[in-house]
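First to last, the sequence lines map onto chains S and X. Heads up: the first sequence runs through residues 1 to 115, numbered per my numbering. Heads up: the second sequence runs through residues 1 to 114, numbered per my numbering.
Wrong hints could be hidden among the right ones.
DEER-style ranges, computed between Cβ atoms [said to hold, decoys possible]:
| hint | chain 1 | residue 1 | chain 2 | residue 2 | range |
| --- | --- | --- | --- | --- | --- |
| 1 | S | Lys-3 | X | Ala-2 | 38 to 48 Å |
| 2 | S | Ser-42 | X | Ser-83 | 21 to 31 Å |
| 3 | S | Asn-52 | X | Thr-86 | 35 to 45 Å |
| 4 | X | Gln-53 | S | Val-112 | 43 to 53 Å |
| 5 | S | Asn-58 | X | Leu-39 | 31 to 41 Å |
| 6 | X | Ser-67 | S | Gln-69 | 20 to 30 Å |
| 7 | X | Pro-8 | S | Val-46 | 19 to 29 Å |
| 8 | X | Gly-16 | S | Ser-61 | 44 to 54 Å |
| 9 | S | Val-14 | X | Asp-54 | 45 to 55 Å |
| 10 | X | Asp-62 | S | Gln-57 | 38 to 48 Å |
| 11 | X | Gly-16 | S | Val-14 | 42 to 52 Å |
Listed next, the in silico DSS-like pairs over lysine-lysine satisfying Cα-Cα at most 30 Å (straight line) [unchecked claim]:
| hint | chain 1 | residue 1 | chain 2 | residue 2 |
| --- | --- | --- | --- | --- |
| 12 | S | Lys-16 | X | Lys-57 |
| 13 | S | Lys-38 | X | Lys-57 |
| 14 | S | Lys-38 | S | Lys-70 |
| 15 | X | Lys-11 | X | Lys-57 |
| 16 | S | Lys-3 | S | Lys-70 |
| 17 | S | Lys-3 | X | Lys-57 |
| 18 | S | Lys-38 | S | Lys-3 |
| 19 | S | Lys-16 | S | Lys-38 |
Simulated from the structure, these hints should not be mistaken for lab results. C-beta: ideal position from N, C-alpha, C; glycine also.
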Amino acid sequence: AQKVTQAQTEISVVEKEDVTLDCVYETRDTTYYLFWYKQPPSGELVFLIRRNSFDEQNEISGRYSWNFQKSTSSFNFTITASQVVDSAVYFCALSEGDSWGKLQFGAGTQVVVTP
Amino acid sequence: DAEITQSPRHKITETGRQVTLACHQTWNHNNMFWYRQDLGHGLRLIHYSYGVQDTNKGEVSDGYSVSRSNTEDLPLTLESAASSQTSVYFCASSDSARGTYEQYFGPGTRLTVT
Numbered sequence: 001a002q003k004v005t006q007a008q009t010e011i012s013v014v015e016k017e018d019v020t021l022d023c024v025y026e027t028r029d030t031t032y033y034l035f036w037y038k039q040p041p042s043g044e045l046v047f048l049i050r051r052n053s054f055d056e057q058n059e060i061s062g063r064y065s066w067n068f069q070k071s072t073s074s075f076n077f078t079i080t081a082s083q084v085v086d087s088a089v090y091f092c093a094l095s096e097g098d099s100w101g102k103l104q105f106g107a108g109t110q111v112v113v114t115p
Numbered sequence: 001d002a003e004i005t006q007s008p009r010h011k012i013t014e015t016g017r018q019v020t021l022a023c024h025q026t027w028n029h030n031n032m033f034w035y036r037q038d039l040g041h042g043l044r045l046i047h048y049s050y051g052v053q054d055t056n057k058g059e060v061s062d063g064y065s066v067s068r069s070n071t072e073d074l075p076l077t078l079e080s081a082a083s084s085q086t087s088v089y090f091c092a093s094s095d096s097a098r099g100t101y102e103q104y105f106g107p108g109t110r111l112t113v114t
């Protein structure tokens, strides 16, 4: 069963618009980690952020912010004032407490930012 | 700087041939992973290792094998390549000692089986 769901297949925005990527996860563990990765057109996978299940504090890092809500099992990611360089596929991933570091990825959301 | 490398970056092989994809990391990480990426499936775990001499099957392990003889390397072998194994393969590593589990990925190997 899919444990990480990214319902948005593709999002298109115009530069400087904000874009929010949705991620819904499923786990019975009380200890787990959530991640966001970026895959630009060049193909490499770049680690962006990590949250653990004990820390629901939402944070902002530059133009990136994330909203972690355990009550709805969601871990959404927002890019503020998008730029063309943000065009990429973004993956949400889950690591559960009993799987010791294995990541389960969502299918990814393609973000297209046009000038 | 520490890094994780994969070779070859591109490979074309014929059905039935044995193929080995190399993965080498200089992070000194205990954990290493192999994924395949196919359109619409995201990344799926093939095999993983938590240390030297340790190997485990992932979600899509049929037709693949790995061995871990040292900390730095986790080669992935396709025993008898099939067209269904045409994919992009990513190797990754993580540091379990820090308990944070984010994985760092290699640049990927694009494998075509004809």
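Hints and how they fare:
no.	hint	result
1	Lys-3(S) <-> Ala-2(X): 38 to 48 Å	violated, 30 Å
2	Ser-42(S) <-> Ser-83(X): 21 to 31 Å	holds, 26 Å
3	Asn-52(S) <-> Thr-86(X): 35 to 45 Å	holds, 37 Å
4	Gln-53(X) <-> Val-112(S): 43 to 53 Å	holds, 45 Å
5	Asn-58(S) <-> Leu-39(X): 31 to 41 Å	holds, 32 Å
6	Ser-67(X) <-> Gln-69(S): 20 to 30 Å	violated, 42 Å
7	Pro-8(X) <-> Val-46(S): 19 to 29 Å	holds, 22 Å
8	Gly-16(X) <-> Ser-61(S): 44 to 54 Å	holds, 49 Å
9	Val-14(S) <-> Asp-54(X): 45 to 55 Å	holds, 49 Å
10	Asp-62(X) <-> Gln-57(S): 38 to 48 Å	holds, 42 Å
11	Gly-16(X) <-> Val-14(S): 42 to 52 Å	holds, 50 Å
12	Lys-16(S) <-> Lys-57(X)	violated, 44 Å
13	Lys-38(S) <-> Lys-57(X)	holds, 26 Å
14	Lys-38(S) <-> Lys-70(S)	holds, 23 Å
15	Lys-11(X) <-> Lys-57(X)	holds, 24 Å
16	Lys-3(S) <-> Lys-70(S)	holds, 14 Å
17	Lys-3(S) <-> Lys-57(X)	holds, 18 Å
18	Lys-38(S) <-> Lys-3(S)	holds, 19 Å
19	Lys-16(S) <-> Lys-38(S)	holds, 19 Å
Comparing the model with each earlier hint shows violations of hints 1, 6 and 12; every other hint is respected.
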